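Engineer: Going down the list, the protein sequences come from chains V, E and X. FYI, the numbering used here numbers position 173 of the first sequence as 173, with every residue one higher than the one before it. FYI, the numbering used here numbers position 9 of the second sequence as 9, with every residue one higher than the one before it. FYI, the numbering used here numbers position 111 of the third sequence as 111, with every residue one higher than the one before it.
I should point out that these hints are in silico values taken from the structure, not numbers from a laboratory. Errors might be hidden in some of the hints.
[As the list claims (entries may be wrong)] With a Cα cut of at most 25 angstroms, we get these calculated PhoX-like pairs of lysine-lysine:
hint, chain 1, residue 1, chain 2, residue 2
1, X, Lys30, E, Lys43
2, E, Lys167, X, Lys120
3, V, Lys96, V, Lys68
[To be verified] Examples of chain X residues toward chain E, derived with CB under 7 angstroms:
hint, residue
4, Arg19
5, Pro20
6, Arg34
7, Ser36
8, Ile38
9, Pro41
10, Asn70
11, Tyr71
12, Pro93
13, Gly119
14, Cys124
15, Asn194
16, Asn232
None of these values were measured; they are calculated from a predicted model. All residues carry an ideal CB built from backbone N, CA and C; glycine is no exception.
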Amino acid sequence: MTGATLYSVSAALSALLLGAVASILPAPVSGWLTSADVVTGLAVLIFSAILLVASMINTIMLIWFERKMLGRFMDRRGAMHVGYAGLLQNFADGLKLFRKNTFRPQEADSLGFYAGPTAYMVTSMILFGVLPISTGWSSGALPLSLLLALAIFSFAPLFIFVSAWSSNNKYSLIGGMRSAAQMIAYEVPILLAVVAVVIVSGSFDLNVIVNEQQNYWFWFPLLLALIVFVAGMLAEMERIPFDLPEAEAELVEGWNTEYGGMLFAFFMLADYVRALIGSILVVLLFLGGWTMPSWVPAAATSFPLAGIFWFMIKTYAVFGLFVWIRASLPRVRTDQLLRVGWNRMIPLALLSIVLAAVLVTVRCLPFLGCVPPVGG
Amino acid sequence: MWINMGPQHPMTHGLWNLRVRIEGEIIEEVDPEMGYLHRGIEKISEDRHYNEVITLMDRTCYVAGLAWEHLYIIAAEQALHLEPPERAQYIRTLSDELQRIASHLMWYAAFVQDIGLMTPFLYAMRDRDLVLDLFQSYTGARMTYEYNRVGGVRNDLPTGFTDRTRKVMDWIYARFVDYDHLCLDSDIFHRRCDGIGVLSARDCVDWGVTGPMLRSAGVRRDLRKDRPYAAYDRVEFDVAVADGADVTARYLVRMEEMRQAVRIVRQTLDWLDKNPGPVLADRLPRWLGAPYAPVGREGYLLKRNFPTGRGFSSVEEPHGEAQAYVVNTGGEHPYRVKFRSPVFANIAAAQKYLPGYRVADIPPIMGSVDICVGEVDR
Amino acid sequence: MAASAPKENPTNPLSGVVRPLATAARQFTKSLIRPSTIVYPYERLEDPKFRGKVAVASGRPIGVGDVWDNYRGVHALNIATCISCNLCAFSCPDICIEMVSVAGDDPKHPKKCPQIDYGKCSYCGFCSDACPEGCLTMTTRYELAVTKRAEMVYSPERLHEVFQRKLPMNPIRLERPANEDAILLDAPLCIGCNACARDCPTKCITMLDVPKPTARPGEKLPRRIWKEPVVNDSDCVRCGTCISVCPKECLFWGTHK
């Protein structure tokens with residue numbers, strides 16, 4: 001896999017395709033088609049198409065994974081009729097939602113009602129272009145990719161609130177308010193926990209952060225930051241125990257009460273996209289990304305696509321943790337959630353920054369070796 | 001801002017409407033509206049033979065059918081001057097307690113889902129299914145049992161029933177630990193449920209609130225002890241009482257009641273093993289002898305001066321104290337049947353125990369009431 | 001005496017999270033291989049493999065197949081032994097049973113058998129309890145999904161088909177009460193018209209001659225046939241058909257003196 005990146009593959013594919021098309025066309029058109037700009041443009045399109053398809057399939061598989069795993073926690077089976085062990089059930093569900101009529105309440109605000117879910121979906125999908133899944137996955141090294149990812153990630157409350165408000169429904173409005181309050185409250189501890197990682201790794205570039213974890217993964221020295229980050233991610237993803245914006249017991253479906261058909265599917269899918277991205281971020285920041293510790297036999301890490309393989313294993317394991325938490329804990333109340341967010345999480349995150357600073361100063365940990373010099 | 005929680009809302013567990021006036025997230029005023037599920041069961045009963053009313057009782061409260069059958073049957077037997085055999089009394093006690101377990105498990109399932117837990121919901125439904133299997137093995141149905149008859153019960157227990165029931169009771173008794181681990185040992189559960197929905201003993205009495213809600217306020221009131229019916233004076237059990245009068249206290253009372261129900265079931269099984277006998281009184285009027293409904297010519301009973309009578313019963317059903325009143329004027333149908341539903345009073349008191357808490361507290365509080373709208377509206 | 005005292009609020013919030021997580025994880029490991037769900041269209045509760053077995057899965061500590069024997073499902077009707085006594089229709093609380101003529105019988109005296117509308121039926125079992133010949137029974141069949149409402153009405157022939165499948169049937173038969181009423185005759189009213197004996201489904205009524213009294217001077221004898229019904233109580237199923245067909249209301253329920 002060394003050398004070949006996803007972008008180089010798609011560039012080669014683009015050149016091949018355009019060359020084939022150009023060979024049967026007259027000279028001026030074929031000359032334009034094979035020019036570098038057009039080839040690059042098509043390469044970008046192919047690149048994003050591959051990215052989109054891969055991430056969508058992964059998201060839908062994630063839903064299947066959650067349904068099956070939640071089923072086992074609850075002593076039942078989960079989806080099992082469509083496809084082997086229900087693997088195609090979510091595609092069938094998506095197809096059903098796609099065929100359904102999407103209607104809008106008469107008094108709802110048209111622009112916000114349609115734009116909200118679309119923007120929510122789009123901003124969630126964009127994130128996949130930022131995150132490096134493996135070496136050579138992303139198009140280039142973004143020096144601030146972590147910051148960019150978190151910035152895009154935090155667009156969500158705005159769009160949720162817009163779509164909730166424009167639904168003209170009391171449940172939606174309450175749900176949207178809760179959602180906005182909750183997400184804003186938990187942005188802060190997440191960012192602070194990330195600062196701890198940045199202090200230790202010395203970079204905002206996710207590639208660098210992963211490479212810094214060659215010696216040891218960050219979860220052990222930065223356990224406190226990990227806990228804050230996971231709890232904050234649970235709130236950002238709006239999963240139990242922090243799913244109160246869509247607490248179905250009191251708010252019907254929360255901010256997506258009035259949505260049906262494909263618009264609901266957008267929300268549903270975007271929720272899982274965000275769950276996937278949350279898991280990926282945990283893996284990237286704390287669990288070493290696509291790297292494996294040195295005691296793992298070389299055969300397990302050197303086969304083709306080994307990086308992506310291990311990365312997906314870790315991602316699904318992290319998501320499994322989220323499912324486990326969902327299966328065991330009840331939902332908290334809004335005021336309790338906000339109190340925990342502002343009163344507990346932020347001090348803990350600040351403490352983890354202090355610990356990270358100490359770690360960087362001390363440089364070396366027993367059994368784990370030494371931190372490379374900052375910026376290295 | 002007024003919010004209509006219902007008639008179609010995940011919180012309601014049935015068909016009723018809770019109108020809530022909120023200020024921010026704080027509840028200012030509530031207004032429960034019932035009556036969406038009224039089927040006129042009392043009126044229909046006046047047009048049916050005494051035994052045929054039993055089919056309605058299973059539909060009055062669809063999670064505690066046998067308890068409601070028992071309630072009606074006691075009143076009807078009083079009105080008709082009949083005495084069921086002792087074995088039937090024990091079978092009814094057994095049925096009541098199995099029903100109590102099933103109903104409380106159903107409550108538990110609904111309640112934990114209200115506070116956002118799906119897992120114990122399925123555990124409780126799974127274990128309730130075993131109790132329903134038992135019902136199916138001796139009544140022939142899983143929900144609409146039609147098992148009691150005026151003057152006894154329809155049939156005796158099948159062979160092997162007592163052993164199977166013992167196994168199920170052992171299994172379920174062991175599962176209660178899991179339930180407590182998932183709820184009572186959970187920090188978030190206590191954060192959600194402690195100290196909300198408080199209804200003091202004084203208010204309980206004023207509003208006619210009965211059952212586990214009353215006992216959770218520290219009042220030791222249980223009709224099975226205070227006015228024993230069936231075989232309750234011959235079995236040993238404790239009244240489950242807790243103090244605190246909040247949601248957690250109601251949870252504790254119901255869990256303890258399930259444990260006591262297992263205890264009662266084991267005692268009745270022992271008795272039933274040792275004492276075979278008839279389950280249906282043999283001196284029945286012709287038209288009450290179980291199979292024979294038709295009566296031929298109108299009004300012939302009046303000619304024959306069948307004795308008139310009135311029957312009143314009150315039974316500690318899983319939701320609270322239910323009461324029934326049956327008037328027999330000598331005809332083949334009851335002249336009047338009247339029921340008192342405990343849940344009606346328990347819901348009506350929402351005006352007392354909801355205001356002051358938050359919107360997010362409504363599901364756990366109303367969940368802890370154990371609502372069965374079928375019996376509220378009848 | 002009282003319930004166990006309310007458990008203390010877990011002082012350590014960590015243990016308050018770990019306990020539920022551990023419980024869920026334990027169930028996860030238990031149901032990893034075989035959850036306790038019975039996968040309905042592929043497996044059924046009444047399958048022989050569940051019968052008498054203990055602990056087929058984590059949630060099923062008993063042999064679930066055993067509970068199936070008394071189940072009140074779709075009726076089975078044995079047309080051959082049905083005596084058209086109407087008791088099932090009488091006893092139905094939902095009035096979903098109608099007595100209809102069975103095809104291919106003597107057109108002059110068609111045999112009437114129950115037809116059941118499963119759109120109304122509540123499966124209470126009163127009809128099979130009432131059936132004196134045991135020809136209408138409830139079986140363990142429970143799958144009745146149809147696409148048209150008319151298909152919910154089961155004619156006697158369809159019920160007979162169910163019977164011919166020899167499904168397990170509800171084994172419980174009720175005993176008749178010891179002090180049953182009998183059909184009594186108010187003799188002075190009777191005109192000997194034979195209606196009761198003609199319509200009796202069990203043919204337990206025979207018309208016996210009564211001596212024609214000699215009219216005293218000035219007395220006018222009633223115009224009637226000098227026969228009277230006598231009911232064989234041991235054959236009588238107490239269906240009341242004779243009472244309802246009697247034109248003079250001279251038959252009634254009562255106890256033998």
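Engineer: Hints first: check each against the structure and report whether it holds.
Structural biologist: We went through each hint and held it up to the structure:
{"no.": "1", "hint": "Lys30/X with Lys43/E", "verdict": "violated, 51 angstroms"}
{"no.": "2", "hint": "Lys167/E with Lys120/X", "verdict": "violated, 37 angstroms"}
{"no.": "3", "hint": "Lys96/V with Lys68/V", "verdict": "holds, 20 angstroms"}
{"no.": "4", "hint": "Arg19", "verdict": "holds, 4 angstroms"}
{"no.": "5", "hint": "Pro20", "verdict": "holds, 5 angstroms"}
{"no.": "6", "hint": "Arg34", "verdict": "violated, 13 angstroms"}
{"no.": "7", "hint": "Ser36", "verdict": "holds, 6 angstroms"}
{"no.": "8", "hint": "Ile38", "verdict": "violated, 9 angstroms"}
{"no.": "9", "hint": "Pro41", "verdict": "violated, 18 angstroms"}
{"no.": "10", "hint": "Asn70", "verdict": "holds, 4 angstroms"}
{"no.": "11", "hint": "Tyr71", "verdict": "holds, 6 angstroms"}
{"no.": "12", "hint": "Pro93", "verdict": "holds, 4 angstroms"}
{"no.": "13", "hint": "Gly119", "verdict": "violated, 16 angstroms"}
{"no.": "14", "hint": "Cys124", "verdict": "holds, 4 angstroms"}
{"no.": "15", "hint": "Asn194", "verdict": "violated, 19 angstroms"}
{"no.": "16", "hint": "Asn232", "verdict": "violated, 18 angstroms"}
Taken one by one, the earlier hints fail for this structure at numbers 1, 2, 6, 8, 9, 13, 15 and 16, listed in ascending order.
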